[in-house]
Amino acid sequence: MKILGKITILLCGSLLLFFTSDFPDFGDANSPASLHLSPYFIEHTLEDTAVPNVVTSVLADYRGYDTMFETTVILTAGLACFLLLRIPKRAVKNRYYLHEPTGVTLRFEGDKYPQESDVFKRIDSSWVPYDIIINFTCRLLIHFIQIFALYVVAHGHHSPGGGFQGGVVLGASVILFAISGNLRAAIKRFGEKTAALFSATGVFIYAGTAALCMVLGENFIDYAALAPILGSDRIMARSHGIFIVEIGVAVAVMAVMIWIYYNLSSAGKQDEGL
Amino acid sequence: MIFFDRASNLLSDLPAIVVTVPLLAALIASGAGWINRKAPFIIAIASLFVSFISSILLLLQVTSTGVVIEYRMAGWAAPIGIVYIIDHLTALVLVLISSVSLINLIASKRRIDDQFRNKEGAFYSLYVLFTAGLIGMTTTGDAFNLYVLLEIASLSGYALIGLGSNRAPLATLNYLFLGTIGATFYLLGVGYLYIATGSLNMADIASIIPKMMNSSMILFAFIICLTGLLVKLAIFPVHGWLPGAYSESATVAASLVAPLTTKVTIYIMIRLCLSVFTPQYTFQHLETTDVMVWLSVITIVFGAISALSQKDYKKMLSYIIIAEVGYMVGGFFLGNKMGISGAILHIVNDAAMTLALFMVAGIFLWKTGEDSRESLKGMFGKMPFTMAGFTLAGLSVVGVPPTCGFFSKWYLILGGISAGQYGFVAALIFSSLVNAVLFFRIFEIAHFEPFKEQHPHNDHCDEQHQAKSHNEIIKEAPLDMLIPFIAVSLLLVLLGLYSGAIVNNIIHFVIPKGII
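So the protein sequences, as listed, match chains A and B.
All residue numbers for the first sequence refer to our numbering, where the first residue is 44 and numbers rise by one.
All residue numbers for the second sequence refer to our numbering, where the first residue is 18 and numbers rise by one.
Bear in mind the hints are in silico, worked out from the structure with no lab data behind them.
These numbers were taken from a predicted model, which means no experiment stands behind them.
Quick reminder that beta carbons are idealized off the backbone N, C-alpha and C, glycines included.
Possibly wrong hints are sitting among the right ones.
Claimed, not checked - Coverage of chain B stretches by chain A, computed from C-beta distances (three or more under 8 Å per stretch; other residues unrestricted):
1) 46-53
2) 95-109
3) 114-127
4) 163-175
5) 231-238
6) 289-297
7) 324-332
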């Protein structure tokens, strides 16, 4: 069976290699891909959508319908992780507490636990003592990471960036917080319900904006319909529309990343974890 | 006046409504599940209903005017933006998807609430997303957009069937690996097409391909797209994921995924061969008929023989599905009018039959808590209506007139004869005989063997906890499960009686002119 698998892989690989011989040269200006549609996008982006970044306009306007569903794919992944992994709260067998004044670690069995307070601090069973340097550095960095993320979202129009990248950076900042401290602290600040609602809301901002264009009498996702609401002309409205959906994408990507991290890192219990 | 403007506007927006209403509903349902546990069901069913009505309207519009409907997403015209194209075939498959999804949701509410407690929001949301993905795949006129929607339908499908018996996660993992390979192959093919033609729009690609029939890039794109779809179809050497994935999963999910996934993938295959690669390329230039028909003959025979050796009801159904996939792939690649008509008609019929058979599996499981054939002893006496519907569904799979299964097989056999593919005809008849053996064996057990009072425990089955206690007398299924099921089984007869109308009014318009 293993040999059969290897033969299949070899066959596929050699087929792939064989058929690349017909490819146009790298960067060939006369290849069909650079002659057929690309010139239109390059030449008309600015006059059609008032967005200087061709990638952004193709992604969120010409092919904005694809991107809406790509965002939905991310939400689907979050929902799938939740549906398959999440285990409703059940009593954890043993809990470990740190008695701060004496520095003693106590193990509690059964269902009587001390109140979380300055004296008793809950720690994970596989607890590694918090490193003050890591903790402090992360706390210092997180703000800047988040500000940079907002910059990436907002500057998708002009430079590389946009909702997906900005959302990932935003999500990473919360995950960094969870890793440098513990999962419960992160969940306390950015709860599971918040993550779930944000991820649905993010995609809803995108799909809702698109549907609003339809309600206003244009085609689905035709941002030009938003012109009266945004108070701009129809071309500028496309640019603004792209920005609105980029924000939706960022919110969705951030929340889904955090949600998936919570479920994966704690095997669905969302109690003890990384 | 404004009202009429709105109404006509709404009518022209139908192609967008049919897919975006479920999408928006899925988003709202996943959020609403955290606030109210009853809301997701209502939202899901309302959106599927809207989708169902709009697909019926689209079908009426297409059949009455005969004009292909085009809808421009974001207002951009064809090769630049993404367009939705609705022709006769699309509209037919749309009605199929939305009705199967709606009926199954009504019939399985009780079991979903039982099995997915506290996760209703996520479940209903994925359920509707799955439907939206399939609807989008069907309507889209853009090869890459199809991949994106394929991703949605596949991902939500994996999640839906991932919960069930103890072995469900492993079976789903298998499905996920092979499904991902299939989807990736398709994507690779679209990449090759883009390199060769510079376009992603299906009609645009189809207009370019005749000029470059001999390009090896197009050839490889065709091979790899088709291979990807065949993996997703579970054709013979790559069928391994299907039986496990459909039989181990929760029945509510299986009865949605099993009737639709393979059937919609067949539709995609047909669409790809006819509307992207053009029939001249598929049938005349490449002469795919022999290879593909023999592949499907092997699949049919393999599916039939494997189904014979199964004790578990749902596993048996899964192998029957594999055989039916062989019917449709083979029928399409016969490349003549009868064969293609039969394959398309069988998409509709097989979806309805599979739905009925999985719904009945759900009812049995709800009642007895077991999956094996033996648990059906004496059921005819206890559940006369359910068993009557089951008999209809079984007869339809066997292919007894006037049920719908007979008519599509009739077309397929005629197509096989006129194409001179007698192996295919023999495989069809063989598999029908095997189906007869399979179903009459079940009818016999259910009719003549005395009812077994004590149902032994079955630890492998997670759904078992729903079963009523042993001593409680088994009666007819609850009405909310029974009525949709009876409706579907009557539909099998109706589809059979009106199959001539479907073929003449819808399917004949699909078949391109060059094909006799």
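How the hints compare with the structure:
1. 46-53: holds (count 3)
2. 95-109: holds (count 4)
3. 114-127: violated (count 0)
4. 163-175: Held - the region 163-175 of chain B has 7 residues with a Cβ nearer than 8 Å to chain A, which meets the minimum of three.
5. 231-238: Answer holds; 5 residues pass the 8 Å Cβ test.
6. 289-297: violated (count 0)
7. 324-332: That given contact is violated, which follows from only 0 residues of the region 324-332 of chain B lying within Cβ reach (below 8 Å) of chain A.
Of the numbered hints listed earlier, those contradicted by the structure are 3, 6 and 7.
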